[in-house]
Amino acid sequence: MNKAAFRALFFIVFIGAILFRLSGLDLRPMHHDEANQAVKFGTLLEKGEYRYDKADHHGPSLYYLTLPVAWAFSKTSLVSLDEVTLRLLPALFGAAILLLLLLLVKGMGRTAVFFAGLLAAISPAMVYYSRFYIQEMLFVFFVLGLLGSLWRYLLYPSARWALTAGLFAGMMYATKETSVIIFAAAGLALILTIVFQKVRPQTPYHLAVPGFTYFFLGLVAALLTAIAFFTSFFKNPEGIWDSITALKIYFEKSGAAGIHIQPWPYYLKLLAYSKSGAGPLWTEGLILVLALIGMISAFVPRRQKGAMPSPARFIFFYTLLSTAAFSIIPYKTPWNLLSFFMGWVILAGIGVGFLLDIVPKIYFKVLVLLVLAAGLYHLGLESYRANFRFYADPANPYVYAQTSTDFLKLVRRVDDLAAVHPDEKNMLIKVVCGLYETWPLPWYLRSFENVGYWQDPNQAGPLAEAPVIITDQEQDARLQPLLRDKFQSEYYSLRPGVFLLLHIRQDLWEQYLKEKK
Amino acid sequence: MKKAIVYAALLPLAILCALAAPQSQEQNKVELKLQLPKPMFIGTPRNIKSPNLEVISGKPRGPFFVPQGTKLVSLKKPVTSSDMQPVIGELSFVTDGEKSGEDGYFVELGPGKQWVQVDLQGEYNLNAILVWHYHSQARVYRDVVVQASNDKDFIKGVTTIFNNDHDNAIGLGIGKDKEYIETNEGRLIDPKGIKARFIRLYSNGNTSNDMNHYVEVEVYGTPAK
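Chains as they are written, first to last, in the numbering used here: chain A, 66 to 582; chain B, -3 to 221.
Don't read these hints as lab results, they were simulated from the structure. Some clues are possibly wrong.
[To be verified] Over the 10 angstroms line for every Cβ pair with chain A, so calculated as not near, a few chain B residues:
hint, residue
1, V62
2, P63
3, S78
4, G93
5, K95
6, I190
7, A220
[Stated by the list, open to error] Below, computed lysine-lysine pairings styled on DSSO-like, alpha-carbon distance capped at 27 angstroms:
hint, chain 1, residue 1, chain 2, residue 2
8, B, K191, B, K67
9, B, K67, A, K582
10, B, K221, B, K67
11, A, K551, A, K474
12, B, K34, A, K300
13, A, K579, B, K172
14, B, K109, A, K581
15, B, K109, A, K579
16, B, K188, A, K119
17, B, K34, B, K109
18, B, K172, A, K581
19, A, K581, B, K174
20, B, K34, A, K490
21, B, K95, A, K340
22, A, K551, B, K174
23, B, K34, A, K582
24, A, K430, A, K171
25, B, K72, B, K221
26, A, K474, B, K72
27, B, K191, B, K72
28, B, K152, B, K95
29, A, K579, B, K174
30, A, K551, B, K172
31, B, K34, A, K105
32, B, K172, B, K191
33, B, K34, A, K140
34, B, K191, A, K582
35, A, K581, A, K551
36, A, K340, A, K119
37, A, K112, B, K172
38, B, K34, A, K474
39, A, K582, B, K72
40, B, K191, A, K318
Since we're looking at a predicted model, the values are computed, not measured. No residue lacks a Cβ here, since even glycine has one placed at the ideal position from N, Cα and C.
Full structure from sequences and hints, please.
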C-alpha cells in the first residue's frame, strides 16, 4: 500500500470510527457503573471536589479528563449533564486509538496498520465499550500509547520516547489499578523481544536495550503524572498512599469468591462464540483467526534488504502474557478484556499484512481480500446490532448487569407524577433499596430536589409522607402491609431478573389519572 | 381621661397589629431544607441471567378448591388472536398442554396491546383459569386483562375476570388487580363460576420488551346447564 493510499484510507476509517462511536450515544440507559461515575463527576464539576476512593471506582483520570468536555458544552452542574456529554470522552478515546496505531507503522507496515485500524474501528467489543462512561476505553488508549512508545524507543532510543512512555504509563496507573498487570506483561514482553532478537534475529537490525538514564526519565514522568492525578492536583496528598494500598484491595478482590467469578476461558469464549436463545450469533472469530496468523508471522524471518524489525514479536509476547494474566484472575467482567484484546486486534492486522505478502499471485490476493471483506461485513453488522439494536439485551455478550430499557418508563412515570404534584420537582421521593438496586436512580433523579436514599426502611421515617416511594422487591415484601391500599404499586425492570417497585400515594395517583383524562 | 383617649386610639392599632402578626410571622419564615441521605456508591452488580424457575414469593401456592366434576376444558381448543401471524411460534401453543419455559414452547405476539382468545366450543361454568405468559426469565406483563363472554367478538355480555391495567392504558377500564412476576407456577385466576364460551386475555408488553407471550392458558370448568 503506497503512502498516499494509506493516508486516504486510514483517514476514512478514522472518520468512520468517530461517527460509529458518536451516533446515538444516549440510546442505551445508563449502566449502574456509569451512573456511579457520573454522579462522582458531578461533584467534581460542581464543587471541584474529588478524592480517590481506594476501595472502588478506579482512578481519577476519567473524572478530570471529562471536565474539559463538560466545559466545552457549558455544563456546570450534575443536573445540566447528559449521557452524550459524558460518553463523548470514551467515544473519542476509542476512536483515537487508531491514531496511536500509527506509532507502529515503522516495522509493522502500512497494510498491517491499516487493517488493525479497520478492525479496531468496527470490533463490537471496541465500539460497545467506547460508548460507556467508564475508565476502560481511556485505559486501552493509554496501554496502546505505552506499547507504541516502547516500540518507538526500541527503534530510536531517545529521551522523547522515554518521556512519552512514562507519561502513558502514569496515565494508565491513574486510570485503573489493573495497570500493574499490563506493566508486568509489557515489561516482560520487552525483555523477551530483545532476548529473541539477539538469539534469533528476525532481521539483521539492532533493537536498543533500555538504558538506566532513559528508564529513570520515563519513571519520573510516570510518577509525576500519577501523583498529580491521585493527589487531586496536589490537594489530597493521601491519594498517593491510597493508590498503593488500593493494589492490595484489588488483589484480594481479584481472587476472592464473589459475584464476578468466572472460569479461565471466559474471555476467550466470549470473543470466540456466543449465542443466547433465539438471539443472533456473536463472534469476533475473524480477529482471533487473523491474530493467530499474525502470531505465526512473528517468528517467520524477514530477509528483505533494508527491512525493519517488526513489532509483531513484542505485541505477540504482550498479548500472550496479558491474555494469560487476565484469564487466570478469577474476577472477570467483560470490559476487562479490552486491554489484552487490543493486542489481538494488532496481531490480526499483522496477520492480514502477512497473508497478502505470502500469497504469490494477484488473483489469490484478490480472493483473500474478498474473504476478508465478507468477514469485515459480518463484524460490522454485529457491531451495528450490538450498539443500535441489542444494546441492552442480554443476548448481546457485552451486555453485563445492564439497566433495562423498561427502567426508563419508571423515570418517565416519576416525571409525569411530579408534573401534577403541587411541589413539582420538589416532590418528596423516598428510595428504599439495597445498594445494588439503588443505581442508576441517583443519576436519573438528579433534577429532583428532595430524594432520600435508605437501605433500611426503619431509618426512612413515616413512609406515607412521601407521595412517591421506590423500593426493591425485598423491601416491597416487608413494606406491603404498610403500603397496601394507600399506594398504587407498579413493577419496573431494573436489570434482567431485578425489579423495582414504584409506589404512588393514592391521592397523587388519582390526581394523575384525572390530569391524564 | 387622657389615658383613656390614648388607649382608645391605640386599640385599633393593636387590632391591626394582631391581624398582621401571623402574616409577618409567615414573612419571617424560611423554607425548611430537608437533609435527605445521599446515595452510597457501590461497584458493579451481579449480572443476572439465571432462569426464573423458583417461585418468587418463596411460598408455594396454596390449594385451590373447585366444584366436583371440574375438568380442563381448553386443551387443544382453537385459539385466535389480534396478531394472527405471531413473530415466534404458533397460536396453537396456547392450548397444546406444553408448559415448558424453554424456546419452542411459547408464542410471541407483536408489540403493544394484543390479545389471544380461546374458544371452548361450548358454554361452561368457569371455575379456574391458569395463565403462563413466559417463565424462563423473571418479568412482569403489563395491563393483563382476562375477560369471558358468549360473544366471540366480545361486544355483548362481557365479564372482566381479572384486570391489572391500573391506568387504563389499553382502554378496558381501570383494574384493581395487582401486577405480578411470572413464575413456572403460572397465574391462577378465579372466574367464580361464571358461564361463558370464549375467554380473551389481553396484555401490553412486559418489563423486558414490548412483545407479548403465551406459553399456555388452561381453563377449568363444568358444562353449563
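Here is what the structure says about each hint:
{"no.": "1", "hint": "V62", "verdict": "holds (28 angstroms)"}
{"no.": "2", "hint": "P63", "verdict": "holds (31 angstroms)"}
{"no.": "3", "hint": "S78", "verdict": "holds (22 angstroms)"}
{"no.": "4", "hint": "G93", "verdict": "holds (22 angstroms)"}
{"no.": "5", "hint": "K95", "verdict": "holds (18 angstroms)"}
{"no.": "6", "hint": "I190", "verdict": "holds (26 angstroms)"}
{"no.": "7", "hint": "A220", "verdict": "holds (36 angstroms)"}
{"no.": "8", "hint": "B:K191 <-> B:K67", "verdict": "holds (15 angstroms)"}
{"no.": "9", "hint": "B:K67 <-> A:K582", "verdict": "violated (43 angstroms)"}
{"no.": "10", "hint": "B:K221 <-> B:K67", "verdict": "holds (15 angstroms)"}
{"no.": "11", "hint": "A:K551 <-> A:K474", "verdict": "holds (22 angstroms)"}
{"no.": "12", "hint": "B:K34 <-> A:K300", "verdict": "holds (24 angstroms)"}
{"no.": "13", "hint": "A:K579 <-> B:K172", "verdict": "holds (17 angstroms)"}
{"no.": "14", "hint": "B:K109 <-> A:K581", "verdict": "holds (19 angstroms)"}
{"no.": "15", "hint": "B:K109 <-> A:K579", "verdict": "holds (22 angstroms)"}
{"no.": "16", "hint": "B:K188 <-> A:K119", "verdict": "violated (61 angstroms)"}
{"no.": "17", "hint": "B:K34 <-> B:K109", "verdict": "violated (39 angstroms)"}
{"no.": "18", "hint": "B:K172 <-> A:K581", "verdict": "holds (18 angstroms)"}
{"no.": "19", "hint": "A:K581 <-> B:K174", "verdict": "holds (21 angstroms)"}
{"no.": "20", "hint": "B:K34 <-> A:K490", "verdict": "holds (17 angstroms)"}
{"no.": "21", "hint": "B:K95 <-> A:K340", "verdict": "holds (24 angstroms)"}
{"no.": "22", "hint": "A:K551 <-> B:K174", "verdict": "holds (14 angstroms)"}
{"no.": "23", "hint": "B:K34 <-> A:K582", "verdict": "violated (36 angstroms)"}
{"no.": "24", "hint": "A:K430 <-> A:K171", "verdict": "holds (23 angstroms)"}
{"no.": "25", "hint": "B:K72 <-> B:K221", "verdict": "holds (23 angstroms)"}
{"no.": "26", "hint": "A:K474 <-> B:K72", "verdict": "violated (37 angstroms)"}
{"no.": "27", "hint": "B:K191 <-> B:K72", "verdict": "holds (20 angstroms)"}
{"no.": "28", "hint": "B:K152 <-> B:K95", "verdict": "violated (32 angstroms)"}
{"no.": "29", "hint": "A:K579 <-> B:K174", "verdict": "holds (21 angstroms)"}
{"no.": "30", "hint": "A:K551 <-> B:K172", "verdict": "holds (13 angstroms)"}
{"no.": "31", "hint": "B:K34 <-> A:K105", "verdict": "holds (12 angstroms)"}
{"no.": "32", "hint": "B:K172 <-> B:K191", "verdict": "holds (22 angstroms)"}
{"no.": "33", "hint": "B:K34 <-> A:K140", "verdict": "holds (22 angstroms)"}
{"no.": "34", "hint": "B:K191 <-> A:K582", "verdict": "violated (34 angstroms)"}
{"no.": "35", "hint": "A:K581 <-> A:K551", "verdict": "holds (20 angstroms)"}
{"no.": "36", "hint": "A:K340 <-> A:K119", "verdict": "violated (37 angstroms)"}
{"no.": "37", "hint": "A:K112 <-> B:K172", "verdict": "violated (47 angstroms)"}
{"no.": "38", "hint": "B:K34 <-> A:K474", "verdict": "holds (23 angstroms)"}
{"no.": "39", "hint": "A:K582 <-> B:K72", "verdict": "violated (42 angstroms)"}
{"no.": "40", "hint": "B:K191 <-> A:K318", "verdict": "violated (62 angstroms)"}
Hint compliance for this structure: hints 9, 16, 17, 23, 26, 28, 34, 36, 37, 39, 40 are broken, all remaining hints hold.
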